[in-house]
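Undergrad: Heads up: the sequence lines are chains W and P, in that order.
The numbering of the first sequence is this note's numbering, which starts it at 53 and goes up by one.
The numbering of the second sequence is this note's numbering, which starts it at 494 and goes up by one.
Fair warning: there could be bad hints in the mix.
Here's a subset of chain W near chain P, in silico, CB distances under 10 Å, partners left out [to be verified]:
1) P238
2) L279
3) K282
4) A315
5) A318
6) L371
7) G375
8) D393
With the Cβ distance kept under 8 Å, some of the chain W side facing chain P (calculated, not the full set) [claimed, not checked]:
9) R75
10) P232
11) P236
Derived from the structure by calculation, the hints contain no laboratory data.
Where a beta carbon is used, it is the ideal one built from N, C-alpha and C, also for glycine.
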Amino acid sequence: MTEKQLMRGSHVIGEAAVRAGCRLYAGYPITPQNELTEYMSGAMARLEDGTFIQAESELAAINMVLGASMAGARAMTSSSSPGISLKQEGISYLAAQELPAVIVNTMRGGPGLGNIAPSQGDYFQATRGGGHGDYRVIVLAPASVQELADLTRKAFEYADKYRTPAMLLGDGMIGQMMEPVVFPEPVDLNKLPPKPWILDGAIGRPSRIILSLLLDTTVEEEHNWKLVRKYESIARDITSAETFMTEDAHLVVIAYGTAARIAKGAIKRVREIGLKVGLLRPVTLWPFPKRVLIEMSRQIKDFLVFEMSTGQMLEDVKLSLEGRSNIHFYGRPGGIVSTPDEIAKEINSLYHRQHLEED
Amino acid sequence: MTKKTVFAGFGGQGVLMMGYVYAVSAMRDGKEVTYLPSYGAEVRGGTANCTVVVSDEEIFSPVASAPDYAVIMNRPSLNRYEGMIKKDGIIVLNSSLVDRDPSRDDLDVVRVPANDIARKLGSDRTINMIMLGAFVTKTGITTLESIMNGLTEIVKGKKASVMKLNRKGLDMGAEYALKK
């Protein structure tokens, strides 16, 4: 472990990636995540075996990552919302060809070119695959700078273990903010499990072929079912969520990332006036922590989903609960960051409207 | 105890550095901290501000909609933040550049002619440390010693003469906080 230091979120992702064994970074500039690209340019130069490429476009960057992954390297690219849209074709190919890679999306206000303020408008894109075809992407949602370090490490581990792309979904706030962080020790690349599928020269062994063009429909079908079995085992193994003050709660707020922090601030305020409110914070957005939610719905009859969007995770909550509880929503899209006071007011009025004080 | 502070001025005044030094120092004191710089389509010479939260417990929101304290380096920043500061909050003003008093009468105001002091010290670049010295002494949220330690950690390798100048700046700012 290193000493505690105060670092910017974007830089922390970079350092954590290097420590996780990332040896190729390719990216194209976009605010508010340029500090990550900047950090990687220096970090990769300091490594003997590191490669940094400022690509000519987002499309080029994701395909450079794809190539590096095929050759066996731990590889990463990063961008912000509009740039992530451009990378979707490559992400679909990564999923199809079962290639590990880490993609960082520092979300900003949208749709279109939008603005550069923090937002959570890319939830659908991240959790529904984003590109074409029947696939999933592991999506991790950090809520603190320390968690950025921890989840970056995990993203590389999951990507390798399951041979699938993993996305770190943050926003402009967490990327720009500084908080104390302690990094894990760097991984020893020589001690990682071997990858008996990579394309590293076929001298002395039969050649290997990695492709996503499966013209025979029965072969493509079987490949799709194979991916599904993999996704089911991912859902069993890595689903994760944090609960906060839920034990005696009459109302539970569901929020992730930056929104979860604001919600916590709001919950602290309403607890002071005696309202029994807790928080459920999904850490993995896909797989979504459905079971925790169902379990919770035995006691909790009212949930308030809070997002920095017009309501996207809201749909996963509804799909998970299937009518078991009342689901309410509050959201601010377009790059607006609500204040804890604003959410506290919302909670307060909902609490009384639903007569939750009488339980 | 959770205290939120806004540091605001224009680019080049060392506003972000001031907040960063404060945040690192408080972290070394064992506090929880967050540092949030303003970011946007910024221009050279434009506005610069950052929010630092220091607490004994987990910090939820790094944003301050109603800061406890404000360190104000120029007049546009006073116009922008005066109305937001918490009731009975503390405001540390760079009186060399801010030519009016806050219109609220509940605020505890410390006036520090930072540019004039810096000129006397022979380096305009000390204005942020002068303001920080006044801020820390007035609020008591950390100590000048912690700030010096934090600064040493951040600017490691800087000449002893530069550190001496910064120390002098901190001390002179501190004096203004003690005046009434």
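Undergrad: So, for every hint listed, does it hold in this structure?
TA: Outcome of the hint check:
1. P238: violated (23 Å)
2. L279: With Cβ-Cβ at 39 Å, over 10 Å, it is violated.
3. K282: Violated - the Cβ of K282 of chain W stays beyond 10 Å from chain P, reaching only about 36 Å at its closest.
4. A315: Since the shortest Cβ distance to chain P is 8 Å, the answer is holds.
5. A318: Constraint on A318 of chain W satisfied, holds at 8 Å.
6. L371: violated (28 Å)
7. G375: With a minimum Cβ separation of about 32 Å from chain P (threshold 10 Å), the hint on G375 of chain W is violated.
8. D393: Holds: closest Cβ of chain P sits about 6 Å from D393 of chain W, inside 10 Å.
9. R75: violated (29 Å)
10. P232: Holds - the Cβ of P232 of chain W comes within 8 Å of chain P, reaching about 5 Å at its closest.
11. P236: Hint violated; P236 of chain W Cβ to chain P Cβ min 19 Å, cut 8 Å.
Violated hints for the displayed structure, listed by number in ascending order: 1, 2, 3, 6, 7, 9 and 11.
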